[in-house]
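Asks: One-letter residues, chain by chain:
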Amino acid sequence: MTNGYDILIIGGGPAGLAAAIAARDAGCASILVVERDCELGGILNQCIHNGFGLITFDEELTGPEYAARFEELARAGGIDFMLDTMVIDISADKVVTAVSRTSGMVRIRAKAIILAMGCRERPRGSLNIPGYRPAGIYSAGTAQRLVNIEGFMPGREVVILGSGDIGLIMARRMTLEGAHVACVAELMPYSGGLKRNIVQCLDDFGIPLLLSHTVVRIEGKKRVEAVIIAEVDGRGKPIPGTETAYPCDTLLLSVGLIPENELSLSAGIGLSPVTRGPVVNEVLETSVEGIFAAGNVLHVHDLVDYVSQEAAAAGRNAAAYARGVLAGSAGAVPLTAEDGIRYTVPQTIDPVRMPEELIVRFRVDNVYEDRSVSVYFDGKRMQHRKRSILAPGEMEQVKLKKGDLVASPDLKEIVFKLEEA
Amino acid sequence: MDAFDVVIIGAGVSGAACARELSKRKLRIGVLEREEDVCCGTSKANSAIVHAGFDAEPGTLMAELDVRGVELMGGLCADLDVDLDNIGSLVVCTAEEDLPKLEELLARGRKNGVEPLTIIYGDELRALEPNIADGARAALWAPSACIVNPFQLTWALAENARVNGVEFFFNTEVIGIAQDDGLWTISTTRGGFAARAVVNAAGVYADALHNMVSADTLEIIPRRGQYLVLDTAAGRHVSHTVFQLPTKYGKGVLVTPTTAGNLLVGPTAEDIADKEATDTTAAGLAEVLAKSVLSVKDIPFHETITSFSGLRAHRKEHDFLIGELPDAPGFVDCAAIESPGLTAAPAIGEMVAGIVDGILGPEMRGDFVPARRGIPAVEWACDEDWEALIAEDAAYGHVVCRCRKVTEAQIVAAIRSPLGARSLDGIKRRTEACMGRCQAGFCTSKIMDILDRELADLAYAEITKAGPGSELLVGRDKELGGGGLL
Numbered sequence: 029m030t031n032g033y034d035i036l037i038i039g040g041g042p043a044g045l046a047a048a049i050a051a052r053d054a055g056c057a058s059i060l061v062v063e064r065d066c067e068l069g070g071i072l073n074q075c076i077h078n079g080f081g082l083i084t085f086d087e088e089l090t091g092p093e094y095a096a097r098f099e100e101l102a103r104a105g106g107i108d109f110m111l112d113t114m115v116i117d118i119s120a121d122k123v124v125t126a127v128s129r130t131s132g133m134v135r136i137r138a139k140a141i142i143l144a145m146g147c148r149e150r151p152r153g154s155l156n157i158p159g160y161r162p163a164g165i166y167s168a169g170t171a172q173r174l175v176n177i178e179g180f181m182p183g184r185e186v187v188i189l190g191s192g193d194i195g196l197i198m199a200r201r202m203t204l205e206g207a208h209v210a211c212v213a214e215l216m217p218y219s220g221g222l223k224r225n226i227v228q229c230l231d232d233f234g235i236p237l238l239l240s241h242t243v244v245r246i247e248g249k250k251r252v253e254a255v256i257i258a259e260v261d262g263r264g265k266p267i268p269g270t271e272t273a274y275p276c277d278t279l280l281l282s283v284g285l286i287p288e289n290e291l292s293l294s295a296g297i298g299l300s301p302v303t304r305g306p307v308v309n310e311v312l313e314t315s316v317e318g319i320f321a322a323g324n325v326l327h328v329h330d331l332v333d334y335v336s337q338e339a340a341a342a343g344r345n346a347a348a349y350a351r352g353v354l355a356g357s358a359g360a361v362p363l364t365a366e367d368g369i370r371y372t373v374p375q376t377i378d379p380v381r382m383p384e385e386l387i388v389r390f391r392v393d394n395v396y397e398d399r400s401v402s403v404y405f406d407g408k409r410m411q412h413r414k415r416s417i418l419a420p421g422e423m424e425q426v427k428l429k430k431g432d433l434v435a436s437p438d439l440k441e442i443v444f445k446l447e448e449a
Numbered sequence: 119m120d121a122f123d124v125v126i127i128g129a130g131v132s133g134a135a136c137a138r139e140l141s142k143r144k145l146r147i148g149v150l151e152r153e154e155d156v157c158c159g160t161s162k163a164n165s166a167i168v169h170a171g172f173d174a175e176p177g178t179l180m181a182e183l184d185v186r187g188v189e190l191m192g193g194l195c196a197d198l199d200v201d202l203d204n205i206g207s208l209v210v211c212t213a214e215e216d217l218p219k220l221e222e223l224l225a226r227g228r229k230n231g232v233e234p235l236t237i238i239y240g241d242e243l244r245a246l247e248p249n250i251a252d253g254a255r256a257a258l259w260a261p262s263a264c265i266v267n268p269f270q271l272t273w274a275l276a277e278n279a280r281v282n283g284v285e286f287f288f289n290t291e292v293i294g295i296a297q298d299d300g301l302w303t304i305s306t307t308r309g310g311f312a313a314r315a316v317v318n319a320a321g322v323y324a325d326a327l328h329n330m331v332s333a334d335t336l337e338i339i340p341r342r343g344q345y346l347v348l349d350t351a352a353g354r355h356v357s358h359t360v361f362q363l364p365t366k367y368g369k370g371v372l373v374t375p376t377t378a379g380n381l382l383v384g385p386t387a388e389d390i391a392d393k394e395a396t397d398t399t400a401a402g403l404a405e406v407l408a409k410s411v412l413s414v415k416d417i418p419f420h421e422t423i424t425s426f427s428g429l430r431a432h433r434k435e436h437d438f439l440i441g442e443l444p445d446a447p448g449f450v451d452c453a454a455i456e457s458p459g460l461t462a463a464p465a466i467g468e469m470v471a472g473i474v475d476g477i478l479g480p481e482m483r484g485d486f487v488p489a490r491r492g493i494p495a496v497e498w499a500c501d502e503d504w505e506a507l508i509a510e511d512a513a514y515g516h517v518v519c520r521c522r523k524v525t526e527a528q529i530v531a532a533i534r535s536p537l538g539a540r541s542l543d544g545i546k547r548r549t550e551a552c553m554g555r556c557q558a559g560f561c562t563s564k565i566m567d568i569l570d571r572e573l574a575d576l577a578y579a580e581i582t583k584a585g586p587g588s589e590l591l592v593g594r595d596k597e598l599g600g601g602g603l604l
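Keeping their order, the protein sequence lines are chains Z and H. Using the numbering used here, read the first sequence as starting at 29 and increasing by one per residue. Using the numbering used here, read the second sequence as starting at 119 and increasing by one per residue.
Keep in mind that a hint or two might mislead.
DSBU-like, lysine-lysine: derived pairs with alpha carbons at most 35 Å apart [said to hold, decoys possible]:
| no. | chain 1 | residue 1 | chain 2 | residue 2 |
| --- | --- | --- | --- | --- |
| 1 | Z | 265 | H | 596 |
| 2 | H | 369 | Z | 122 |
| 3 | Z | 223 | H | 369 |
| 4 | H | 219 | Z | 250 |
| 5 | Z | 430 | Z | 408 |
| 6 | Z | 250 | H | 564 |
| 7 | H | 219 | Z | 249 |
| 8 | Z | 250 | H | 596 |
| 9 | Z | 250 | H | 229 |
| 10 | H | 144 | Z | 249 |
| 11 | Z | 440 | Z | 429 |
| 12 | Z | 430 | H | 564 |
In short, the hints are calculated from the structure, not lab data.
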């Protein structure tokens, strides 16, 4: 067992780096970031398109540029890194076991741990798409790595299933590299991606987006030869007679991201069935004291700027915890998501311990026009903000003021819901 | 033309078992395989069960070789370092009126010599298997049933045969067989082979080969079985292999843990015409879902990570067909090996070798190597064992497949071993890399890097998923032309 660190951060992507920098800036001098890949920056390294940093830096950067700015700050001192190192276990008493080629198996004790492991892409198998299992079926992120890091094209004639952001980005990327993208099929009647990506990646290149459509069959035994796409009804069931064959050699999937929490489970951390990330309180602490979470491991984000913000908060809180100055929780008020809102992060708030202003992030379950996001304190409406459009692909946020909560004695529940505007 | 004493056609589990058994003799043996690797047909896509032996009709070859296979399997898996778990099986009866059929099955099992075998009821059944469906009345409990890793078993048999001198020819499809002056000549897509004896272990294509040499024709009907595979998070949902007693609504599906810690649910049973149709269908997958809940409740299907189909080599007589053809001396069928073919494989090898002994009368060798070591899997190792592996080879510290915790050392071993992997699927079957919940999303390019580095004759862009025609890439960036949109 090594002597240990005040804070150990699992994952050196955007969340881990932002958390490390914020923790150091908050006065923590003993920080270790453990990263499984050979370099810092995580998935940003393969996101060579622009659109990152508009909020954080007020300018448009590529993924590697955004990552590099954080890496430079992190490398400025006070933070240790272990690269090419895979964490294999976290114990509830905060001993992290990791393996690497250079260090072998190491056990490191930490006063606080920040989970920043990110997420993985949902694979084809989880969709039960019938047909063969040939080469040429890739998750969009795998294809992105092949094209942008390895420098190789996974296909010529492409169909994309799912309109998540990586799928949209890859529609443009494959087109720019000379492939032909026949269409993007989306099961839902709305896109799962950002509006700006639909415009910039599909519309600008004349790539059709087929809403309420899905792949019902994959043809080709060795390599994909065609996919059959059908329209679906209101319950997502394919409508017989609407099948169209798209000859292609490649099917890219962008059908959802899943927070990677297998390690969290090993520490006994409670997960939300909705976000599939840890349940956290106002300081982004999980159900295990001293273990915090931020970024896509907590809930899937669409903008890295928000990952950085959230992770910085986790970093500051973990630093306070490690120094022993984070107040104990005096009680947790649950946040309940209702009527069109799928979840909130955090899921509980201690009014006494919360900062003066706390950002609560959430997603809606459908596309809504002209609705209001309402916040109720024990049945009393405290906020009612009109929104012209809300979509599942765009994360939303509401700010809660400490003063409001403190001024509501014996607060039992905070409800988030959509209402008529 | 290369001349052999014995040519075995097919490198599935039957062919591999025959090859290993025959390699104990002083014979020159060749194995011809259409695919790029061993274990590419039925052997890779089945229930992976070592059946206790109560199912087969007494007096059939199936019954005999099933029971003999069970006897041999434990020692064989120990010798060859193959994962075998003795978890026992339950045949669940869900309808009162079917209880006599359960009794029949018990009687049949006893006649086949399966011991121990008992029927358990209600509370006892639920205590043994808490997630059994509420409608379950009773079950036939066969503690001797096991699950086995079919990829490892086939590969280990073949590798051990290779170490003992058997020569393997992959991507080699047989297109003709003829006998001339007591010698068989086999034409393939990669030239001709001559042999004094031929073993036909060609799976669903065994009939095509059989009919090349015999007037007494054989028909193999591919009987497709579709399965769902659930993540290891669901792997302990049941702790035994749970079969269903056939009902008036038809044959049921099984729910079982696998040796890799997943949960396997299936199969369907559809007689089809196309011997290449290893595809899944919407109807088939729906049937698996619907039937499985009859015997096991609350299966967490949201943990499904993949689905697949396998083709059983069925014939209407529903029995194995093993023997020298009367009208084609020296040609030995090892055909119609459907369930319990995996269980019977060691016994099939033994039987076929005995038949070849009768034809060629070979001497036994004194230097047969009976055992081999598999690739240590860190996923299941305790920390001390993993540390010891890292001390031996630092590459055991480099995790490449995060979901199944497969290290670079394991992948390199899979490539460098005799009959090493040359494709992504080859790596997958040998190491379980790519078999986890991300289904190769993260490790594809990393494994390609290792294949590229290890195999001097294979360029990066030529790396395949499963042999020629399944290339993963189409070229370098910018090579496709077109585009021009910037």
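Asks: Measure nothing beyond the straight line between the CA atoms of residue 144/H and residue 249/Z; if it is 35 Å or shorter, mark the hint as holding.
Replies: Violated - the C-alpha atoms of residue 249/Z and residue 144/H are around 40 Å apart, more than 35 Å.
Asks: Check whether the Cα positions of residue 265/Z and residue 596/H lie no farther apart than 35 Å.
Replies: Outside the cut-off at roughly 39 Å; violated.
Asks: Holds or violated: residue 430/Z and residue 564/H, Cα atoms, limit 35 Å.
Replies: Cα-Cα ~48 Å, so violated.
Asks: Does residue 429/Z sit within 35 Å of residue 440/Z, going by the straight-line distance between their CA atoms?
Replies: holds (16 Å)
Asks: For the pair supplied as a hint, residue 219/H and residue 250/Z, confirm whether the alpha-carbon distance does not exceed 35 Å.
Replies: violated (43 Å)
Asks: Keeping to a limit of 35 Å between CA atoms, is the pair of residue 250/Z and residue 596/H held or broken?
Replies: holds (25 Å)
Asks: Could you grab the alpha-carbon distance between residue 369/H and residue 122/Z and see if it respects the 35 Å cut-off?
Replies: Measuring from Cα to Cα gives roughly 50 Å; hence the hint is violated.
Asks: Take a quick look at whether residue 250/Z and residue 564/H sit within 35 Å of each other, Cα to Cα.
Replies: holds (21 Å)
Asks: Given the hint that residue 223/Z pairs with residue 369/H, does the C-alpha gap stay at or below 35 Å?
Replies: violated (50 Å)
Asks: Would you check the hint for residue 219/H and residue 249/Z, treating anything up to 35 Å between C-alpha atoms as holding?
Replies: Status violated; Cα separation ~41 Å.
Asks: Do the alpha carbons of residue 250/Z and residue 229/H lie within 35 Å of each other, as the hint requires?
Replies: violated (45 Å)
Asks: Regarding the pair residue 430/Z and residue 408/Z, is the alpha-carbon distance no greater than 35 Å?
Replies: Roughly 16 Å between the alpha carbons, so the hint for residue 430/Z and residue 408/Z holds.
Against the hints set out earlier in the document, violations occur for numbers 1, 2, 3, 4, 7, 9, 10 and 12.
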